[in-house]
Amino acid sequence: MQLYPLKLVTVVGESVIMDDIAEQGIKLGASGYTISDVLGHGSRSARNVSVMGEVKTKKLEFVVAGELAVEILTYVSHEYFEHYAVIAWLSDVSVVRGEQYTHKSSH
Amino acid sequence: MQLYPLKLVTVVGESVIMDDIAEQGIKLGASGYTISDVLGHGSRSARNVSVMGEVKTKKLEFVVAGELAVEILTYVSHEYFEHYAVIAWLSDVSVVRGEQYTHKSSH
Amino acid sequence: MQLYPLKLVTVVGESVIMDDIAEQGIKLGASGYTISDVLGHGSRSARNVSVMGEVKTKKLEFVVAGELAVEILTYVSHEYFEHYAVIAWLSDVSVVRGEQYTHKSSH
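Listed in order, the protein sequences are those of chains Z, S and F. Under the numbering used here, the first residue of the first sequence carries the number 69, and numbering increases by one thereafter. Under the numbering used here, the first residue of the second sequence carries the number 69, and numbering increases by one thereafter. Under the numbering used here, the first residue of the third sequence carries the number 69, and numbering increases by one thereafter.
One chain only, chain Z, in its complex shape (with noise of 0.2 Å):
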């Protein structure tokens, strides 16, 4: 079994931004990603919202090569880090059977 080291890229925000953040995964070459339901409570969201507490928020999800991993946090953080609750971080991960992710694809 051969094992591809490449980046899981996780950002958890505000739902409303997070499908846009999802396409935009997808424009710039990811095969895919994953999305789930959280709650989230953060000094992040305390900006955005009257009443401190849990917020229903979103955790986004995705698998890529290195590069493309930075293209994508580069997006979040330009478009969305001002003015919304959004944070996000790389990992390192060891991928079975990679190569779909190794190459960016033509989506």
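Think of the hints as simulated: they come from the structure by calculation, not from any bench. Hints should not be assumed to be uniformly reliable.
[To be verified] Selected chain S positions facing chain F (Cβ under 10 Å, derived; list incomplete):
| # | residue |
| --- | --- |
| 1 | Met69 |
| 2 | Tyr72 |
| 3 | Ser83 |
| 4 | Leu96 |
| 5 | Ser104 |
| 6 | Glu129 |
| 7 | Ala133 |
| 8 | Glu135 |
| 9 | Val138 |
| 10 | Val163 |
| 11 | Arg165 |
This structure is a prediction, so every number in the text was calculated from the model and none was measured. C-beta atoms are modelled at their ideal positions from N, C-alpha and C, and glycine is treated no differently.
Once you have looked at the hints, place chains S and F on chain Z.
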């Protein structure tokens, strides 16, 4: 506090195959797993569903020793990669009081 | 774009203890957390429920500096490991614009 280097195995795929993979992980020696609902969108999914778009999938996670992680990934790739929408990866984690994960248990 | 090396702390366990752990994480200095529903199955759970099988649990995540990560894990292990079904681990992440995480905040 002692931390143990282990592997987080993540499998994302069609709901129909997840129970089997979870059960197989336990048979192989994992002491537990978690499973959650995610929406997935990907080129692998696209081969298996008629409508392109987000589909209900499951995310399955095990925290296990490195050798067992590879066994689980090998099982997933051999049994399911050809005909199902599924991706799988592993990452490094440091687990608190990991004794229960360091040896295969006798499930 | 600058990336900051931080830690992702993940705690998976019985719902009843998760609010306390989340609150304690904030008290210790975390700027936020996310919490989500997962089904769990594990040998630790088996000690606490009469029927072996999948049980509703929560996954709690913090992105914090390394020292704070250890403090949170220490709290979880000291307070809950003996009597509750809970596991906890940390992993390395690179966070975009991580200034808000690098110092303990004054919550």
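Exercise. With chain F as the partner, please determine if Arg165 of chain S meets the hint condition of a C-beta pair closer than 10 Å.
Key: holds, 6 Å
Self-check item: Per-residue hint verdict: Val163 of chain S, partner chain F, C-beta under 10 Å
Solution: It holds, given that the least Cβ distance between Val163 of chain S and chain F is near 4 Å, below 10 Å.
Self-check item: Glu135 of chain S as an interface hint toward chain F, with CB separation required under 10 Å
Solution: violated, 18 Å
Self-check item: Hint check, Tyr72 of chain S versus chain F [nearest Cβ-Cβ separation less than 10 Å]
Solution: For Tyr72 of chain S, the interface hint holds, since the closest Cβ of chain F sits about 9 Å away, which is under 10 Å.
Quiz item: Does the interface hint hold: is Ala133 of chain S within less than 10 Å of chain F, judged Cβ to Cβ?
Solution: violated, 13 Å
Quiz item: Hint check: is the beta carbon of Glu129 of chain S less than 10 Å from a beta carbon of chain F?
Solution: This hint holds: Glu129 of chain S lies near chain F, its Cβ roughly 8 Å from the closest one there, short of 10 Å.
Quiz item: Quick one, is the Ser83 of chain S hint okay against chain F at 10 Å, beta carbons?
Solution: violated, 12 Å
Quiz item: Close enough to count: is the Cβ of Met69 of chain S nearer than 10 Å to one in chain F?
Solution: With a minimum Cβ separation of about 5 Å from chain F (threshold 10 Å), the hint on Met69 of chain S holds.
Practice problem: Have a go at the Val138 of chain S hint: is there a Cβ in chain F nearer than 10 Å to its own Cβ? | Solution: This hint is violated: Val138 of chain S lies away from chain F, its Cβ roughly 18 Å from the closest one there, beyond 10 Å.
Quiz item: Can we keep the Leu96 of chain S interface hint, with Cβ of chain F closer than 10 Å?
Solution: Hint on Leu96 of chain S: violated, closest Cβ of chain F at ~14 Å, above 10 Å.
Quiz item: Hint check: is the beta carbon of Ser104 of chain S less than 10 Å from a beta carbon of chain F?
Solution: Holds - the Cβ of Ser104 of chain S comes within 10 Å of chain F, reaching about 4 Å at its closest.
Checked against the numbered hints given earlier, this structure breaks hints 3, 4, 7, 8, 9; the rest are met.
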